[in-house]
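Engineer: Given next are the chains, with one letter for each unit.
Number of protein chains: 2
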Amino acid sequence: MNKEELKIYEVVFECDGSATGKMRSELDVRMVKPLKESFVLATDEGKFHGGDGTAPPPLALFIAGLVGCVMTQTRAFARRMNVQIKDLKVSARVEWEARQYGIEPYETAPKSFQVDVDIDSESAIGDVKKLVEVAKKACFIEATLSQSNEIRHRLRNGGGDWVDL
Amino acid sequence: MNKEELKIYEVVFECDGSATGKMRSELDVRMVKPLKESFVLATDEGKFHGGDGTAPPPLALFIAGLVGCVMTQTRAFARRMNVQIKDLKVSARVEWEARQYGIEPYETAPKSFQVDVDIDSESAIGDVKKLVEVAKKACFIEATLSQSNEIRHRLRNGGGDWVDL
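One line per chain: the protein sequences are A and B, in this order.
To convert, take the position in the first sequence, counting from 1, and add 933; that gives the working numbering.
To convert, take the position in the second sequence, counting from 1, and add 933; that gives the working numbering.
I should point out that these hints are in silico values taken from the structure, not numbers from a laboratory.
Among these hints, one or two may not hold up.
[Claimed, not checked] Residues from chain A that face chain B, not an exhaustive set, calculated with beta carbons under 10 Å: (1) 952; (2) 960; (3) 1003; (4) 1025; (5) 1082.
[To be verified] Facing chain A, a subset of chain B residues (Cβ under 8 Å, in silico): (6) 939; (7) 1002; (8) 1022.
Since the model is a prediction, treat every value here as computed from it, not as a measurement.
Glycine included, each C-beta is placed from N, C-alpha and C at the ideal position.
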């Protein structure tokens, strides 16, 4: 039995997207917990996907969020674990595959995720490794990708009632 | 046996992040396949997390990418499936939890994902439902979140050799 006190922190984000332009989405993002803050973002698609290229595509925001999250946690825990960091670069590569039989709608699946952490530190290599292991487990996006998540969907049409899908 | 021809499309994104400021990350994002394009993004954290608030936090980009991806696919397949859309709004709410025993580093896990699709369409409701079901399966980010993904990590320190973690 763990006699240490368990603390639970909740983190909640919400996003409202509106369709404007051919493929552009205006995205109002709110951090709801632990603090209330709001952010304005947008996505679009390039011409080959029917858009006007006025903003990055959704997958650009997705991979940028992943890399940014690893970088935040690595720096946050470096302070707490007393690991010195002179410089930090993180690179990621994500491969997806879309499969289409004949003219059926395609279905997609991720194929591979690679995250490279490039640190310049004079701390012992064992401490640097431990830092990255801790940052992985603390990274909200890595934790999310590492498990199978159920996404609940609701639909409404023309301002009627919401129905579960 | 499926006699239809199977086509496979690859989609690959890469991102290089550099640490600048206390928590700011400059993020060069590249679409590598199907086309080559590049995008400049950044993340930061608010003061409570040790940052300067110069850019949205990583989780804001993450949820914006999710909503943008559902919105792209809904519009892309509306055309192909001949479902008319007068207006489209998509909202999402994602809840995470970080657990910490005593002074141990915290570990995080997602708690719930909700995606609400608000359509204004005069097409039959059955066709609208089918459209959203197809868009879910075609959405790269939803497909990624719905399965458990292995993320490979490498680390190097001071420009030495890469080691697998």
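Engineer: Does the structure break any of the earlier hints, and which numbers would those be?
Structural biologist: none
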